[in-house]
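Peer 1: Chain by chain, the residues run as shown.
4 protein chains.
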Amino acid sequence: MALRTPDEYLDSLRNQHPEVFARGQKVESVVDHPMFSSTISCWGTWVFRAAHDPELSATMVASPDLNGEQSHVFWHMATNPDDLMQNLWAARLLSERSPLSGYASIGRDELQSLLMATHDLDRERGTDYNARVVEYVKRFQREQILTAAAVTDVKGDRSRRPAEQDDPDLYLHVVDRSQDGIVVRGCKAHTSGSVVSNELVVIPTRAMREDDSDYAVAFAIPVDTPGLKLVCRGFSGEDANEFEAPISSHDDLMESLTIFDDVFVPWERVFLCGEWEYAGAIANNFANVNRQGYLGADVGKLRLYIGAAQLVAELNGVAQVPHIRDKITEMIRLERSVWACGVTASIESTRHASGYQIPDPVLTNAGKNVCMEGHYLAARHLLEIAGGSPMTAPYVEDIFHPELQPYIEKYYRGADPDGAIERLRVMKLIRDLVASEYGGYWYTEIIHGSGSPAAEKIQMYREHDLDYCRQLAQDALQGRAAVEGRLEPSASV
Amino acid sequence: MALRTPDEYLDSLRNQHPEVFARGQKVESVVDHPMFSSTISCWGTWVFRAAHDPELSATMVASPDLNGEQSHVFWHMATNPDDLMQNLWAARLLSERSPLSGYASIGRDELQSLLMATHDLDRERGTDYNARVVEYVKRFQREQILTAAAVTDVKGDRSRRPAEQDDPDLYLHVVDRSQDGIVVRGCKAHTSGSVVSNELVVIPTRAMREDDSDYAVAFAIPVDTPGLKLVCRGFSGEDANEFEAPISSHDDLMESLTIFDDVFVPWERVFLCGEWEYAGAIANNFANVNRQGYLGADVGKLRLYIGAAQLVAELNGVAQVPHIRDKITEMIRLERSVWACGVTASIESTRHASGYQIPDPVLTNAGKNVCMEGHYLAARHLLEIAGGSPMTAPYVEDIFHPELQPYIEKYYRGADPDGAIERLRVMKLIRDLVASEYGGYWYTEIIHGSGSPAAEKIQMYREHDLDYCRQLAQDALQGRAAVEGRLEPSASV
Amino acid sequence: MALRTPDEYLDSLRNQHPEVFARGQKVESVVDHPMFSSTISCWGTWVFRAAHDPELSATMVASPDLNGEQSHVFWHMATNPDDLMQNLWAARLLSERSPLSGYASIGRDELQSLLMATHDLDRERGTDYNARVVEYVKRFQREQILTAAAVTDVKGDRSRRPAEQDDPDLYLHVVDRSQDGIVVRGCKAHTSGSVVSNELVVIPTRAMREDDSDYAVAFAIPVDTPGLKLVCRGFSGEDANEFEAPISSHDDLMESLTIFDDVFVPWERVFLCGEWEYAGAIANNFANVNRQGYLGADVGKLRLYIGAAQLVAELNGVAQVPHIRDKITEMIRLERSVWACGVTASIESTRHASGYQIPDPVLTNAGKNVCMEGHYLAARHLLEIAGGSPMTAPYVEDIFHPELQPYIEKYYRGADPDGAIERLRVMKLIRDLVASEYGGYWYTEIIHGSGSPAAEKIQMYREHDLDYCRQLAQDALQGRAAVEGRLEPSASV
Amino acid sequence: MALRTPDEYLDSLRNQHPEVFARGQKVESVVDHPMFSSTISCWGTWVFRAAHDPELSATMVASPDLNGEQSHVFWHMATNPDDLMQNLWAARLLSERSPLSGYASIGRDELQSLLMATHDLDRERGTDYNARVVEYVKRFQREQILTAAAVTDVKGDRSRRPAEQDDPDLYLHVVDRSQDGIVVRGCKAHTSGSVVSNELVVIPTRAMREDDSDYAVAFAIPVDTPGLKLVCRGFSGEDANEFEAPISSHDDLMESLTIFDDVFVPWERVFLCGEWEYAGAIANNFANVNRQGYLGADVGKLRLYIGAAQLVAELNGVAQVPHIRDKITEMIRLERSVWACGVTASIESTRHASGYQIPDPVLTNAGKNVCMEGHYLAARHLLEIAGGSPMTAPYVEDIFHPELQPYIEKYYRGADPDGAIERLRVMKLIRDLVASEYGGYWYTEIIHGSGSPAAEKIQMYREHDLDYCRQLAQDALQGRAAVEGRLEPSASV
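Taken in sequence, the protein lines are chains A, B, C and D.
All residue numbers for the first sequence refer to this note's numbering, where the first residue is 450 and numbers rise by one.
All residue numbers for the second sequence refer to this note's numbering, where the first residue is 450 and numbers rise by one.
All residue numbers for the third sequence refer to this note's numbering, where the first residue is 450 and numbers rise by one.
All residue numbers for the fourth sequence refer to this note's numbering, where the first residue is 450 and numbers rise by one.
Hints were generated in silico from the structure; no laboratory data involved.
Misleading hints may appear alongside valid ones.
Identical copies carry no separate label here, and so any pair may be met within one copy or between two of them.
Said to hold, decoys possible - DSSO-like, lysine-lysine: derived pairs with alpha carbons at most 27 Å apart:
no. : residue 1 : residue 2
1   : 776       : 475
2   : 475       : 678
3   : 587       : 776
4   : 859       : 678
5   : 475       : 859
6   : 587       : 475
7   : 776       : 859
8   : 859       : 587
9   : 776       : 678
Working from the sequences, and respecting the hints, build out all of it.
Peer 2: Right, dumping it as structure tokens:
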């Protein structure tokens with residue numbers, strides 16, 4: 450099949466009828482409801498259009514997919530470091546224009562994790578999950594089905610595991626099995642992009658124990674599967690004005706509480722059902738693959754911030770002030786550090802027995818951690834460089850009010866006598882990025898997106914070669930012997 | 450006069466008819482327009498009510514004022530360290546309930562700076578400004594006139610001083626003088642609270658040189674003085690819902706671009722006119738006094754954050770998790786550091802020849818700087834502790850939608866089976882504080898409010914006793930002599 | 450008795466004959482051994498001389514002590530905020546000249562904690578410990594006995610409490626009781642200044658449980674009590690040259706491993722013996738009182754660093770470079786933040802039932818934590834401002850080598866043609882402070898001195914008024930009601 | 450020629466007779482003087498031995514060099530990304546054992562910069578410098594001549610350029626030219642490793658202007674060239690004990706003040722003489738190449754720190770304590786961030802017209818900056834995890850004193866009853882690394898080694914693609930057009 454077009458994508462949405470709630474209403478058509486337009490643009494039409502853009506297509510098109518054909522890079526499964534690098538670049542380029550669009554590969558990331566885990570599972574247990582995943586991925590790639598990731602359960606009491614909750618539904622679980630398929634019940638939180646997606650890919654959120662086996666379940670279903678309810682939350686408002694909100698008027702990522710009210714899944718779409726020992730690997734590998742792309746996306750976003758900082762500094766006439774340059778330089782250092790983690794995680798990746806490529810987990814997690822701390826610093830620097838105007842500049846209606854516009858043009862100029870309107874545009878851009886409701890989304894996303902900092906730290910500690918490092922220290926205890934080739938074997942500690 | 454009541458304040462607003470623009474409309478009555486209600490509550494009714502509140506009045510009422518009577522503490526001028534401490538406590542208590550209300554004393558802070566500067570000016574020049582300021586302050590205190598501070602000019606090209614701009618109006622200046630008064634033209638940016646205030650107090654934004662003397666002008670005028678136009682910007686929206694926005698539905702601080710289109714000011718309200726040598730002192734002392742109260746307000750806000758962090762940790766069932774406790778502890782450390790700077794700046798204050806008390810400038814600026822960096826860290830910790838739900842929790846209309854509410858109550862519980870609604874309330878509180886448009890205001894305010902970090906650093910460097918410190922180092926060069934009482938005088942460097 | 454003189458102190462040392470080991474030798478006389486001279490100067494002669502110095506005596510002499518007479522401030526027990534402020538100033542002034550001397554009050558801090566705890570203990574148990582402590586303190590004050598604090602046990606397996614260790618001696622404990630006194634066995638680590646002190650004050654290192662009761666023991670003994678062995682460690686070397694080491698040639702703090710090999714303590718010197726419930730309070734209150742003085746000492750040290758930074762910047766000709774000024778300003782901000790915590794902990798202190806004053810524990814711990822992080826930043830800034838010369842400047846013997854001195858004077862000048870030697874002195878000062886073995890002591894001391902950061906955090910979390918903060922958040926959930934006086938009582942969480 | 454052996458290197462030192470001053474003495478033979486042994490081991494015998502070590506030789510041997518033969522990797526010039534990666538690995542592996550040895554390639558880095566600059570220079574000016582450099586490099590590689598870098602001039606008044614100084618010798622300059630060669634006068638500071646090197650490679654320290662042309666000079670000379678005086682400074686002491694100082698007893702880097710007292714250089718060793726336009730490129734490219742290797746070395750050092758932290762945590766019995774794991778994880782994150790910058794700077798390097806490979810300058814400088822900040826954090830964490838014992842543990846002579854050893858073994862154990870001596874060894878290792886005179890060297894080196902942080906920031910700002918970033922921001926001002934392919938060309942700012 451050819452590369453999917455934005456229009457084909459919109460048609461596919463119109464052909465689906467999910468049960469979507471927003472602001473107390475059931476939504477008939479997300480395509481026609483203004484509340485969803487920014488998310489549709491961000492995760493949908495922009496992502497698909499980019500593969501047709503002459504300047505971007507070299508990065509956006511990958512091949513061969515499992516059908517032996519070319520596909521959109523965000524539907525491609527990495528089998529070598531170059532694939533990971535292409536993915537990193539794609540996420541970066543998409544996010545330079547639409548910061549949240551770099552996360553649109555999340556369903557692909559789950560499927561790559563499932564391809565790896567089911568490979569091991571089938572080999573160890575004689576099951577046939579992998580063939581089902583492969584079959585699903587072929588269609589996923591051929592049609593470039595837009596998928597959302599339903600991962601995080603609502604969890605109830607966070608100090609108890611799934612089977613220990615007093616309400617068994619606080620983690621998604623299998624409540625019935627038949628010849629045709631399974632029935633699941635529960636609820637996933639924080640399902641980004643579900644309402645503009647065609648399908649959901651559902652995986653476990655954590656490692657499990659034997660008595661949690663009913664909770665070890667993975668599958669893919671269309672968003673309009675009966676019993677599924679999506680309760681939405683968006684950020685950019687229904688009437689985002691392009692002057693006031695130059696980014697968020699086309700960049701948003703609706704979230705949903707995703708309720709599975711006894712949803713039936715046919716066996717050919719079931720990718721894990723009861724094999725609790727594999728839940729942890731699926732969750733971890735997904736996070737790891739996902740964080741690799743996250744780094745590319747973050748670099749795109751940071752480059753936009755750096756550009757805005759430099760631009761506003763020039764318009765304010767302070768681009769040469771030392772502390773302004775220092776702050777921009779610090780933003781550059783952060784952006785480059787994130788990029789370096791992304792590149793090195795790709796280069797120093799390893800190949801799984803299934804043939805798929807796993808980015809280095811310490812580096813993806815280190816990078817994600819830098820993203821998080823760096824976002825707050827970059828936002829602060831951007832606001833400091835801009836001054837108070839992102840916050841206090843008048844509403845667009847007043848800027849262009851006939852009685853006021855002459856005053857605005859007179860008084861909002863910076864160094865350039867005719868620069869008032871451009872300067873106001875930049876102030877609005879900065880407000881939109883880091884001092885708006887959309888900005889509020891980012892302050893949260895950068896922490897919890899693709900997993901929490903606490904989870905990242907656990908991964909880093911666990912995956913680093915501490916044994917090698919400890920041995921270096923033990924060898925050092927022997928003094929000069931360590932550099933004179935006379936080391937005696939250390940007793941283990 | 451008795452302490453002003455909220456109703457008296459509202460009546461006073463109704464009796465004024467400023468030229469206010471918002472969203473492309475001239476506003477007839479700010480009291481009756483929903484867009485202004487949060488600001489009116491924050492800076493107005495809450496501040497006045499607090500002085501009548503049995504639990505708060507001991508802190509909120511100060512005496513004697515210049516009329517020899519008691520007044521609201523935010524209308525009181527400090528003449529000793531205890532006054533400064535009372536002001537700090539007042540700002541803190543007000544902000545604990547309504548974070549932005551702690552800044553409502555800003556007009557008082559300008560007037561205190563004017564009382565000091567005109568005292569010196571009159572003594573040195575034989576002018577009679579001080580008597581005018583005193584007369585104004587007496588009425589200000591007696592009636593508890595709510596005033597906004599018009600300080601920051603629009604500035605045009607930031608690399609040029611006022612007289613160097615190619616448009617002379619880019620800093621506010623005197624364009625005419627007559628027997629009755631002066632006429633001023635120009636434009637002030639970032640005038641917080643102007644639309645809910647009774648009057649504006651206007652002072653220079655910076656130190657000036659001789660050719661800037663027309664720009665050295667200070668005065669006070671009612672907000673409905675002819676020629677004055679207020680172009681507004683607010684943050685919490687017109688229809689803020691108390692469930693969605695428990696704080697910003699009553700806590701906002703409308704900003705304005707404040708245009709002076711040939712505004713007449715009678716001489717009895719003119720507090721500086723041409724004496725350019727005093728512009729810097731007025732601006733600096735204002736900033737210094739103002740930053741002292743800022744610290745109290747920031748502590749109030751941070752205590753609310755700490756409480757929200759602790760509460761959500763308990764509801765999530767993770768209050769005993771070490772990294773959660775660490776983060777709350779770091780928030781405590783920040784809050785206490787800000788408080789300590791505020792207290793010590795008050796205790797180690799100095800008395801100006803006019804009899805008014807000046808907080809220690811290094812400590813107020815150090816504290817303000819900690820506020821700024823601390824805000825970003827505290828916000829991040831609060832969001833990390835809360836998890837993703839501040840961002841993704843459904844709209845209030847869906848939470849209480851009859852079809853959805855049972856699911857919401859089932860799935861949003863934490864450790865407590867019946868705790869879903871309270872937990873959602875807390876998530877909304879946290880979103881409102883640090884991940885909303887109102888939160889966006891804060892990320893900017895904490896940097897630029899009461900002056901920029903760059904200005905704070907200049908003050909700290911300039912005001913610290915570097916000579917004493919350098920002498921310590923020079924004495925240390927003499928080795929043991931420094932502790933044996935044998936120091937020889939160092940040559941100066 | 451009059452204020453003790455340095456000579457009286459030295460005589461007292463000569464009259465004692467502790468069992469001191471250093472570099473494999475038993476030391477006959479610490480006064481006459483060059484290894485101890487810096488410590489004797491720092492904790493001893495300088496501290497005593499300061500009380501006789503005309504410029505310092507107003508701060509250094511306090512009264513009345515328990516004998517109703519005046520004494521050295523470091524032997525004075527605080528009974529009000531002013532006493533605490535005097536202590537803070539004294540620690541600061543001493544440390545400005547000799548950074549480690551500000552810690553010389555540590556034995557006094559233990560005794561103040563014992564005065565408080567035994568007051569409660571006697572009242573609750575009918576014991577008579579307090580009278581013994583009072584009697585001891587009277588002599589301590591009258592004679593200004595220099596005491597070291599033996600607090601931290603060697604601890605063995607850190608995951609077990611005292612009674613759980615497989616060797617019972619890993620915490621100091623009572624092994625025999627008789628009519629005359631007790632016999633103790635065990636070992637304390639990190640006993641600062643013991644070898645130049647007259648006596649040791651020994652207290653428990655932590656809270657205990659019932660089966661630890663033999664470990665709940667406190668007392669004071671002369672350093673030459675039979676069975677006591679002090680195994681020393683110093684930092685500044687035996688032959689510190691004043692040019693190379695202008696500070697550490699008179700500022701050092703020898704540490705000891707302090708072995709109690711069945712040491713007898715007569716009952717009149719026993720201040721706790723078995724009452725395990727009081728061990729925690731003694732340890733905590735000691736830490737709290739001690740950290741208050743720590744803050745003053747740290748400010749003294751930081752002021753010396755700031756002076757050195759400013760001085761070297763001027764000599765290098767870069768005092769006006771923006772990033773240099775920024776770094777000095779950051780050092781100022783840190784110093785002022787520590788000072789503010791110290792002042793506010795003193796002002797907001799509380800009075801114990803025994804009449805002694807307890808500094809605010811959240812503020813002392815917050816301040817100590819800032820000291821620690823600030824030290825590393827201040828050291829880094831100081832070294833960055835200085836350039837590489839602290840590290841690479843020649844040895845003093847080469848600087849004044851006849852053949853080399855002309856080259857040195859030619860090539861080490863900065864802006865001043867004749868400034869080479871002074872510039873080299875400053876480089877040596879900076880090296881001594883932060884890039885030497887003595888500097889290495891500081892990098893450790895600032896973390897572990899007066900307790901670890903982890904302990905500080907526990908105290909801050911435990912002592913902060915989290916209930917009040919949580920209530921603020923709960924009230925905020927009610928929206929406008931919180932500022933309109935309509936709050937309904939919250940259900941507790 | 451075969452790979453140089455440690456013995457061949459030592460022989461070469463014995464055959465040279467440089468004029469070396471240390472502690473007021475002229476040194477006859479550095480090989481036989483104990484003060485130099487650690488530096489000789491670190492930069493010399495260890496570096497050469499590593500190429501013969503079976504486990505390391507694959508990394509340590511590179512080919513082909515300019516003679517078409519294999520050589521030590523630190524004598525190899527990179528012509529592609531793989532060469533840079535090999536260099537990075539080599540620096541890391543060497544530094545894992547001997548942290549300062551990873552910098553031993555510094556002379557090679559200067560020569561690579563000269564190879565590039567003289568290529569351009571000859572092409573543009575018709576000179577023949579490049580052939581001289583090539584000829585020198587061939588011998589340099591064939592014999593594996595150990596070279597030190599003389600770069601930083603003493604500089605005098607830092608606010609003036611070379612020709613503006615009132616003493617013309619404050620930057621190294623040509624004072625005579627003859628048919629045979631040139632005569633130079635001046636003085637370089639901070640020449641690391643000069644006394645254990647065979648030759649010095651001398652380049653300009655900064656960009657120059659036309660009137661500075663006599664200062665634009667580069668060349669290579671043996672360390673015993675007449676007129677050259679090396680005034681030394683070392684750190685680890687002459688008698689470093691392997692128990693007390695397990696690292697610094699074989700890891701030191703003597704620095705020298707390097708005086709050129711009218712030193713003659715024959716033309717075949719002169720690589721720049723007067724062409725001031727090339728001075729900046731030589732200095733910058735050297736710094737850039739050098740910083741790439743610096744990153745590898747820093748990773749080696751950080752891995753040793755991480756190992757020491759993990760080891761001491763285990764011996765103390767606290768390896769599972771959350772805040773301990775957090776700190777080790779933060780060290781891991783730092784180490785991986787530095788590594789990622791090094792790898793990515795190598796992968797994203799560019800090829801100079803001369804055929805040599807230039808690492809990405811933004812990434813090398815970003816990485817170096819992270820090294821610097823990270824060092825202070827890693828050192829602090831290491832000391833916090835270890836506790837106070839690195840500072841207070843007894844001298845080795847007391848540990849093994851017959852009377853004391855039983856006490857030491859009893860009381861210094863941690864969790865392991867027999868672990869006292871190993872635990873003490875680790876404490877000594879940690880003290881040696883970060884709390885000793887050697888540690889003091891590191892606190893300075895990490896700031897100023899390979900150029901100052903201020904210089905790094907200038908490079909990052911200058912080399913980043915700010916134009917691209919600014920364009921992103923300008924495109925974003927157009928709103929949805931940016932993702933819909935409808936961008937209009939922005940007016941330039």
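Peer 1: With reference to the structure, classify each hint as holding or not holding.
Peer 2: Each hint tested on the structure:
With identical chains, the CA atoms of residue 776 and residue 475 are never at most 27 Å apart, being 47 Å at best within one copy and 40 Å at best between copies. For the homomeric pair residue 475 and residue 678, the shortest alpha-carbon distance inside one copy (10 Å) is at most 27 Å, but the shortest distance between copies (44 Å) is not. Taking identical chains as interchangeable, the C-alpha atoms of residue 587 and residue 776 are never at most 27 Å apart, the minima being 47 Å within one chain and 44 Å between chains. Taking identical chains as interchangeable, the C-alpha atoms of residue 859 and residue 678 lie at most 27 Å apart only when they sit on different chains, with a minimum of 14 Å there against 53 Å within one chain.
Within a single copy, residue 475 and residue 859 get their C-alpha atoms only as close as 48 Å, which misses the 27 Å cut-off; across copies the closest is 20 Å, which meets it. Taking identical chains as interchangeable, the C-alpha atoms of residue 587 and residue 475 are never at most 27 Å apart, the minima being 33 Å within one chain and 60 Å between chains. In this assembly of identical chains, residue 776 and residue 859 lie within 27 Å of each other by CA distance neither inside one copy nor across copies; the values are 29 Å within and 39 Å between. For a Cα distance limit of 27 Å, the shortest separation of residue 859 from residue 587 qualifies neither inside one copy, at 60 Å, nor across copies, at 37 Å.
Taking identical chains as interchangeable, the C-alpha atoms of residue 776 and residue 678 are never at most 27 Å apart, the minima being 46 Å within one chain and 36 Å between chains.
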